[in-house]
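Just so you know, the protein sequences line up as chains H and V, in that order. Just so you know, we're using our numbering here: the first sequence kicks off at 1 and counts up by one. Just so you know, we're using our numbering here: the second sequence kicks off at 1001 and counts up by one.
No lab work stands behind these hints: they were computed from the structure. Glycine included, every Cβ here is placed at the ideal spot set by N, Cα and C. Worth double-checking, as some hints may not be accurate.
Some chain H residues near chain V, calculated using beta-carbon distances under 7 Å [stated by the list, open to error]: (1) 84; (2) 86; (3) 104; (4) 106; (5) 112; (6) 116; (7) 130; (8) 133; (9) 134; (10) 137; (11) 163.
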Amino acid sequence: MSRPGTSHAPAAAERRPADAVVAEPRITERPSAIRLRDVGKTFRGRRRRTAALEGVSLDIEAGEFLCLLGPSGCGKSTLLGVLAGFVPADSGEVLVDGRPVRGPGPDRGVLFQTPTLFPWLTTRQNVLYGPKARGALTREVREEADALLETVGLADFRDAHPHELSGGMRHRAAFARVLINHPSVLLMDEPFGALDAITRAGMQRFLLELWQRHRMTIVFVTHDVEEATLLGDRVAVLSGRPGRTKAVVDIPLPRPRVYEDTETLEFVTAKRRIREVLER
Amino acid sequence: MSEQITSAAPLTAAQEPDGEDPPPATPGTTGAPGRRRRRSWRRVAFGGTGLLLALGVWQVAALVIGDPVTLPSVTETVREFGHYVTHRYPEVQGKTLLEDALISTGRILAGFGLGTVVGLVLGAAMSGVRVIRELADPIIAVVRPLPPIAFIPLLVVWFGIGETSKVALLFFGVVPVITIATLGALDAVPAELVNASRSLGASQFHTMVHVRLRAAVPGVITGMRIAMGGAWTSIIAAEMIAATGGVGFLILQAGNYLQTPLIFSGIIVIAVLGFAFDGLLRLLLRAADPTIRNS
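Here chain H stands alone, though its shape is the one from the complex:
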C-alpha cells in the first residue's frame, strides 16, 4: 500500500511559498498546550451528589492529538465541557496556553456528538455565525468561508439548510463552522458516534488529513478503542466514576495514518495495550 502523502504533507502546509495561490486558509497559526492539575467536578442534584471527575491531571502538548478514552459515564464529556468552559471545575487548575479557562471562547472549537447546526441558517450562514456574532465579518472572512466550504466538500450545498444535508455533511459543516474561528484547540465529544460505520470511516480520514495539515491541538473523546488508536498520538484512559486518569498510553504508529493501518500488526498490538489498561 503506497502512501504518497507521507513525507510532504505537513511540511507543505507549514512552508507554503508566499506567492502561491492560497486556495485554503491557514487554520491554526499556533496550537495551544493544555495543562490540567487535580481537576475535580461534582454535580449536586436534589437528592445526591455525583462526583464526575476527581483529581484529573494531564498535560497535552501543543499540536498533539490526544484521545480521552473511558467507559460511558466516566466523566469524559464533563472533562471536555470543563476545557470548553461550559462547566466550571470545582477544584484544580485548567490552563490553556498558560491562561485559566473562564468560559467558552472561539479559541477552543467544540464539535459535539450531534453537529448542532442552527437549523434556520443555511450552511454558509452557519459557517459565518461565529465571525458575525463577534462583529468580525469582513469580505476576507466571507471568502475564507467559501474556501472552507470547498475544503470540506460542501461548496455545492452552501445555500442548503441543515435538514437537507446527510449526516456526514452536517458534521463537515460543523467542522467548517468551527475552523473559520482559527481555533488553537479542537475539542471533540464522540463526534462520529452516531454515524454509520462507512460514513464514520470517511470522517476519521477527513479528520486525520485535517490534523496532518494544520496540526492544531485536538482532544478527542471516544469510547471506541479502535478509533482512539487510529487517531491519537496518546490515549488517556479514564477510570469509571468518578473519572480520574488511569494511564496515558503512547501510540507509536507512524504518521500520517490512514484507515488501512487498522489492519497492521502494530495497530492491533497498540489496541490490545489500551484494552488491557482499560480492563485493569
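Mind docking chain V on chain H? Use the hints.
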C-alpha cells in the same frame, strides 16, 4: 481514489462519497421545482373538487328538502350573501356583512395581538427567572382549562357590552396559550445549541436573542395558531351574548328572524376569515422554520 494530499486542493476525504446516503432533499431552491409545483397543483385540484362535491351534496339536499328556512340552496345563499355584503341587516339600525366582518376582525386583532405580546413576555420571563415561573405556574395551570366564554357575564359587568369587554375576553383566552407555548418552546431549545453559540464566540446576550429566542419562534407560532382558533370561538360567542355588532351578532339576529341564508352567510364569513388568519400564520411558520418548507 487517490490518497494524495496536496495542500492547495480540498481534502480528499471530503470529496470522496464516503459511502454516505445522498442528502434527503435537494438543496435550497435548486431542487426540482417542477415536481413540487405539480404536487401542489394536484393538491389544489383535489381540494377544489372536494369542496365542489360538498356544495353539490348541499344543493341536492336543499332541493330534496324544499324548505329554504330549514336548508336554503347554495344559489340562494350566495345571492343573499352578495346582497348583504353591501346592505344592512336588520335594515333600520343594522350593519352590512362587510362591516360586521370588519368589527369582528378588529376585535380579534386587538385582543389576539395584546394577548400574544403579553403571553410572549410572560413565557420568556417564566423561562428565564425561576421565581416568576414558580409564581405563575399554578395560576396558568388553573386558568388555562377554563373556557373563556365563562367569563363573558363577568366582563360585561366590569366593562359593559362595548369593545373593552370583547378585547379583554380574547386577551384572557390568548394569554395562557401563548405563555405555555413560549415557555415550552424556550425550554425545548437544546443546551448544546446554546453552548455551540457561546463557543463560537457569541456573547451571552447575542446567544439569547439569536439562538434561544430564534430557536423558539416556530413553537411560538404554532401556539399562536392554536390561540387563534380559540379566539374565534370566544369572539363569536361573546357577540352572540352581548354585543351590537360583529358576525356573531349578525348570525344571532338572522336566526331570530329565521333568515337561514344569512346564518349561512355569517358562517361562511367566519370560515373565510379563520382560514385567512391561519394561512397568514402558516406563512409565518414557513418563513421561520426551513424544515417544513418542502412539505
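Checklist entry - Which hint numbers doesn't this structure obey? => result Hint 10 alone not satisfied by this model.
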